[in-house]
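Participant: Chain by chain, the residues run as shown.
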Amino acid sequence: MNSDWMAIQSFHRSQELLTAINELSIHLKLEAAGIADAQQTERAEAGKKRLVDFLRRLQPLLETAEQNEQEPVTGADARLRQLAQRLAEFRRVSTRGGSPLLRKSFAKMIELLESEKPADRASLLLGLRDLRRLLDEHLETDTRALVGGF
Amino acid sequence: MQKQLRTQNEDLQRKVAAIMQSIGAASVPQQLEPYRGWLQELVRGLDLQIERNLINLTRLGVDILPEVLDQTSIVTREVFLLTDRYLGPLLRAQTTDSLSLKLLAWMHSEHVKTCDLPVAFADGSFGSWPVESLPTLYVIPPGDQERLLHLPLCFHEFGHLLYACHRNEMDDLVKDLQQVIARRLEPVSRRDDKQAQREQQKRKQIAERWYDWTQEFFCDAVGLAMCGPAFAHSFSFYFRAIGQDAYQRSFAEQMHSSHPVTWLRVRLLADRARTMGWKDLADEIENDWQNIAAMLGVNEDYLGCYDDAFLPDLQKTIDDMLTESDPRHASAAEISFNGAINNSVAAPAILNFAWRMLESESSTYAQWEKRAVREWMT
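From first to last, the protein sequence lines are chains A and B. For the first sequence, position 63 matches number 63 in my numbering, and the numbering has no gaps at all. For the second sequence, position 236 matches number 236 in my numbering, and the numbering has no gaps at all.
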């Protein structure tokens, strides 16, 4: 019995999250430029909810990975554990100039996502950019497993 | 960059249109129509995304090129996946797919969370792509697609789908079990040296690996519950002669595998079969594996990755997962069915009948199977 099931689930999760990031990010940039697009706003709201749900799910895994490397990360599949560990690594080595995702408490990123304040927009965009980079990298492994290398 | 992205998206648009045409033109068995409908919906969604990418490329004065590039990559990967995996089962469909499709469609129809999910299957070793929001793509070896004996293994794959459909609750249950296992692995006293650190690292690896293993044990339990003894027969028969790897693996091999050692899975299946009142079946499969292991000169040893002390907690967790996911259970009448086969006979009935026929009259089994399949399909 093969174990593709793990790769396909991880692939879809990352694709959905990346879509959510991009829809929200496009919306924030259009909003900042004063361009109204009701459909884009709707997609961005759905994306925001998806991201908040996911980050809440990731938070305890990240905390375990950051607080004690020797402790097992439980209740998550191997790919999600790897993502949490990779993010913990990113946060350890990031410079002071990194986004809120990397340099502040993880809860801050969730706060930013839920914030309606225009003043938080720039920080949120930086956080989304870093999350996109992390997921793009993470997704490569699943894509290779499913459709091979190029 | 804008121009490159425009060309890229226009090409994707042409590709997607060609795919849509192929999907529409394919001649497929009736059971694949829901799958065709889903594929068409998916392709329409991709086309809309490409359209949005092209619109976004016309927005001047807003720097959204990184997002459009990423959205273009997302569509490109979806198209790769579509052409590499999802299209084949539709475009290469044959009339001989009907038996496997009937079984898969029956499985899905018997659960409230899966009854609306279309199914399809591809060639390969038994497997599946279970995502709760997408049709399930099963993988069945070509040699087993038109025969009854190993189709019960599809019920294990259905277990993965049930897990995906109840992920949050299942993950919580598995997390509790992993923590119990991690505690059981703890030494009575701890040293503070390199060796102790290595041991701690091994314990961490084992506890984490049990996430995937618990799901596999759960899927075996789903197979046994839904299909009855036929699942245990099929599982044991299919894997027992594969070679030493099914009986024993090094610590490193176990840690690299998302599946527990198969012999351990047989042990747990037998344990569960006994609790379901199938003692003879449990003894039979355990003896079969023991005999082959003895011939191979292999002792049962999971090198610290499993201990009998885990068993009560493990089986309790699996019981809770079965309660949570609520798969259909094969009835006593289906398990002992030996009546006339017709189109409306439930899948577990014909599969259990097949295994009893093989065991009692193996020389005429092939003829019986051919007739039974024909009668079930008409």
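Among these hints, one or two may not hold up.
Stated by the list, open to error - Here are the simulated DSSO-like pairs of lysine-lysine, each with C-alpha atoms no more than 30 Å apart in a straight line:
1) 204/B with 194/B
2) 29/A with 108/A
3) 104/A with 204/B
4) 175/B with 204/B
5) 108/A with 3/B
6) 49/A with 117/A
7) 48/A with 29/A
8) 29/A with 194/B
9) 316/B with 279/B
10) 15/B with 3/B
11) 113/B with 316/B
12) 194/B with 49/A
13) 48/A with 175/B
14) 104/A with 15/B
15) 104/A with 49/A
16) 113/B with 204/B
17) 175/B with 194/B
18) 175/B with 15/B
19) 117/A with 29/A
20) 104/A with 117/A
21) 202/B with 316/B
22) 175/B with 202/B
23) 48/A with 204/B
24) 49/A with 113/B
No wet-lab data here; the hints were simulated from the structure.
Participant: Confirm or reject each hint.
Facilitator: Hint check:
1. 204/B with 194/B: 15 Å, holds
2. 29/A with 108/A: 21 Å, holds
3. 104/A with 204/B: 28 Å, holds
4. 175/B with 204/B: 13 Å, holds
5. 108/A with 3/B: 38 Å, violated
6. 49/A with 117/A: Cα-Cα ~17 Å, so holds.
7. 48/A with 29/A: 15 Å, holds
8. 29/A with 194/B: 52 Å, violated
9. 316/B with 279/B: Measuring from Cα to Cα gives roughly 19 Å; hence the hint holds.
10. 15/B with 3/B: 18 Å, holds
11. 113/B with 316/B: 24 Å, holds
12. 194/B with 49/A: Given that 30 Å is the threshold and the Cα spacing comes to 45 Å, the pair is violated.
13. 48/A with 175/B: 27 Å, holds
14. 104/A with 15/B: 43 Å, violated
15. 104/A with 49/A: 21 Å, holds
16. 113/B with 204/B: 34 Å, violated
17. 175/B with 194/B: It holds: about 28 Å lies between the C-alpha atoms, which stays within 30 Å.
18. 175/B with 15/B: At roughly 44 Å apart (the allowed maximum being 30 Å), residue 15/B and residue 175/B break the hint.
19. 117/A with 29/A: Measuring from Cα to Cα gives roughly 14 Å; hence the hint holds.
20. 104/A with 117/A: 18 Å, holds
21. 202/B with 316/B: 25 Å, holds
22. 175/B with 202/B: This hinted pair holds, its Cα atoms lying about 18 Å apart.
23. 48/A with 204/B: The hint is violated at about 34 Å.
24. 49/A with 113/B: 23 Å, holds
Of the hints listed earlier, those the structure fails to meet are numbers 5, 8, 12, 14, 16, 18, 23, in rising order.
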